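**Student:** Each chain, letter by letter, is given below.
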Amino acid sequence: MTQTSTLEPPVPESALGHRQRRSGRTHGRTAAWLVAPAVVLVVLFILIPIALTFALAFTNAKLISPQPASFIGIDNFTRLFQDPVFWKSLRNTILFAVFVVPLQAGFALVLAMLINVKVRGVNFFRTVYFLPVVTSIVVVSMLWQFMYQPDGLINSFLRTISGGAVQGTDWLGNPTTALGAILLMSIWQGVGFHMVIWLSGLQTIPGDLYEASSLDGASNWQNFRYVTWPSLRQTRTFILVTITISAFSLFAQIQVMTQGGPLDSTSTVVFQAVRAGFAQQQTGYASAISLVFFVLVLAVSLVQRYLTRDKDVQK
Amino acid sequence: MVPHTLKRLAAVSLAAALALSLAACGKGGSTSSDNTDSSGAATLKLWTHAAGAEAELAATKQIVSDFNASQDKYTVEVQAFPQDSYNQSVTAAAASNSLPCILDIDGPNVPNWAWGGYLAPLDGMDEQLSKFLPSTVGTWNGKNYSAGAFDVALAMYARKSVLEQNNIRIPTIDQPWTGEEFNAALATLKATGQWANPLDLGTGDASEWWPYAYSPMLQSFGGDLINRADYKSADGVLNGADALAWATWFHGLVEQGYMPVKSSKDAGADWLNDKSAINWNGSWGAEAAREKFGDDVLFLPPPDFGQGPKIGGGSWQWGLSAQCENPEGALEYLKFALQDKNVAAVADAVGTIPATDGAAALVPGYEAGGVNDIFRQYSKTFAEVRPQTPGYPFIATTFTKAAQDIVNGGDPQAALDQAVADINANQQSNNYFQ
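Chains as they are written, first to last, in this note's numbering: chain L, -8 to 306; chain Y, 4 to 437.
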């Protein structure tokens, strides 16, 4: 029997002949046509602007200027690395990512396990936990800004609960608490999305694994540690990478709530880039910040990919 | 299994819908400014920032329809944008060569847009513009680029009963409070315990308000945003002893509890609700104040911190774009729109100071001795325009950041020095906007 190189079902060649040889090529061509619109859009709106950013980073382009941009080499980068605000923004961004990843992923996993039950009414909870995700981040930021005011909901709540012992502070106006306040709000808003992803991962775990482990007399914690957690490896990798990337691109909350203050304690790299590019009209400098940001996120993602690589598949 | 004919039908309808929507998009997106309408008149596009400000937009639209009716060579079309994204819309349009013929500009941005090639000078209007309040005419490099129908003045809103009850002298335009008097008044008001923060300067509004409202106080101390002799450096004016005195005083207001670090989004409403005793507000709030408090309301001049009281100047102004295909038509419109009766109509609608004496006579309240005349006096006597340099947008954001850092407790000298370094670097990197 001859091996066929295509993956067509083993129909005798005499039955189909000419039509089968042609369909392989037309499949490829049809696929190309179907993908073409999306590819055009990606190239036009993502790849070309990225390439432009990389080019502009080495020029002194301005948003409004009668003179065209001219090449200035690495001046933008020298200026960037000497700017104290950039280092503060970088520190804030990294701090935020370091805290958001375990907290949001962990909290989402807990919620996912809670709603991974076949009880009547569980859909209500699934909806409610997911609602903050579909609310505009700007709206959420404004609402939480009101809640964080010195005489706002959060402080009233703390005062009532503790009977006046805990006064609460100006959460967004205090340089030590501002980033933490934004962290809490971001976790609240984003946890529903990752909860749904964890849930899909949990539901792919075959039930007979749990049956087998309960036959062996495993406790809830042992179930989790030896059955659930290892089975979630791929979901875990995906969630780790996506939360990290979205944590690094923290911007909307800062723009609405604190505008980088107080005293640069909530300034992030993306916020600084947007401010430099639009408010300060320094497109070249903002492109340099974007380029540095791109390299940073790429490096972190590659490190994560390496650490979570499939160690079994070495061959 | 879906029948074959149904699938075909679905595919054809989807294709038809897509084609229709693409066609609709194409039709609605044309922005060429040399269209002619059905009667053969040239169409001129007009952009304004006043979307959402119903009174102002209605007044503009009325002037446009009056102009359209008065002649048949040109037809002006109004397009309104929300204020927050207006500047970005104009910048994007300039980059794609699709600016409208007539547009309005926030006063301090005029040199920047003129230098950037967005605006064309208003030729042949010098005589008409000489009658306008100086802060309402935008100039750069010796040419007029814009003129506005109105200006606004800032004042300290207070209540007569409150001041008299606490034995605080009521200042006048000739005898304003001194810095020490003002601080003493605040201390007295704070001691009554009636208000958590007796003074509200509106620190909750993080926009152009900060340079507009707070740089006049800096100027009253003797500092400034940049050296206006040559607009090359801010050294010594923004980080000198006078500026440091301003910064220390500014932060002191928070430290001593006279003012909140971040006021609410609507400081004016808070004052109306008696959350503060004195509110630094613009003349746009006068109507509401009079409605609530009647004769008890006072519009006081700001304190004199050494160089005389100062308030901001320059508001939204009309200009002609350099990309207009029909500049004669646009100039015709501007000459019409800036006639006294139209200036009066807009100023009346928005509740602001008319830019010409002739218009002021037509607006109730702004005639000499009228209830709003005091704002016109302040504008004439105390108004200081923001620095007229193309680098102003950068100066504004840098000053806002420095002022916010100062209010939040950062080291004032360091914040000011950093601002000066940034501003100087920006002026230099643009070759001083030659």
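In case anyone wonders, no lab produced these hints; they're calculated from the structure.
Since the structure is predicted, the reported quantities are computational estimates derived from the model, not experimental observations.
One should not assume that every hint holds.
If we take Cβ atoms under 8 Å as the criterion, some of the chain Y residues that face chain L in the derived model are [to be verified]:
1) A96
2) S99
3) N115
4) K265
5) Q407
6) Q416
Each computed DSBU-like pair below joins lysine-lysine, with the alpha-carbon atoms no more than 30 Å apart [said to hold, decoys possible]:
7) K235/Y to K79/L
8) K193/Y to K235/Y
9) K134/Y to K383/Y
10) K163/Y to K383/Y
11) K268/Y to K79/L
12) K268/Y to K134/Y
Each residue gets a CB set at the ideal place from its N, CA and C atoms; glycine is no exception.
**Student:** Under 8 Å, Cβ to Cβ, is where K265/Y needs to be relative to chain L, so tell me if that hint holds or is violated.
**Tutor:** holds (6 Å)
**Student:** Checking hints one by one. Is Q416/Y an interface residue toward chain L, by the C-beta closer than 8 Å rule?
**Tutor:** violated (15 Å)
**Student:** Can the restraint linking K268/Y and K79/L be considered satisfied, given a maximum Cα separation of 30 Å?
**Tutor:** holds (27 Å)
**Student:** For K134/Y and K383/Y, compute the direct alpha-carbon distance and say whether it is at most 30 Å.
**Tutor:** holds (13 Å)
**Student:** Would the pair K193/Y and K235/Y pass a check requiring their Cα atoms to be no farther apart than 30 Å?
**Tutor:** violated (42 Å)
**Student:** Closer than 8 Å between Cβ atoms is the bar; does Q407/Y clear it against chain L? Give me holds or violated.
**Tutor:** With a minimum Cβ separation of about 5 Å from chain L (threshold 8 Å), the hint on Q407/Y holds.
**Student:** Go through the hint on S99/Y and say holds or violated, using the shortest Cβ distance to chain L against 8 Å.
**Tutor:** Violated: closest Cβ of chain L sits about 13 Å from S99/Y, beyond 8 Å.
**Student:** When you check the alpha-carbon spacing of K163/Y and K383/Y, does it fall within 30 Å?
**Tutor:** holds (24 Å)
**Student:** Against chain L, is N115/Y within 8 Å by beta-carbon distance?
**Tutor:** holds (6 Å)
**Student:** Holds or violated: is there a CB of chain L closer than 8 Å to the CB of A96/Y?
**Tutor:** Hint violated; A96/Y Cβ to chain L Cβ min 12 Å, cut 8 Å.
**Student:** Going straight from one Cα to the other, do K268/Y and K134/Y come out at no more than 30 Å?
**Tutor:** This hinted pair is violated, its Cα atoms lying about 36 Å apart.
**Student:** Take the C-alpha atoms of K235/Y and K79/L, compute the straight-line distance between them, and say whether it is at most 30 Å.
**Tutor:** holds (29 Å)
Violated hints, listed in ascending order, are 1, 2, 6, 8, 12; each of the other numbered hints is respected by the structure.
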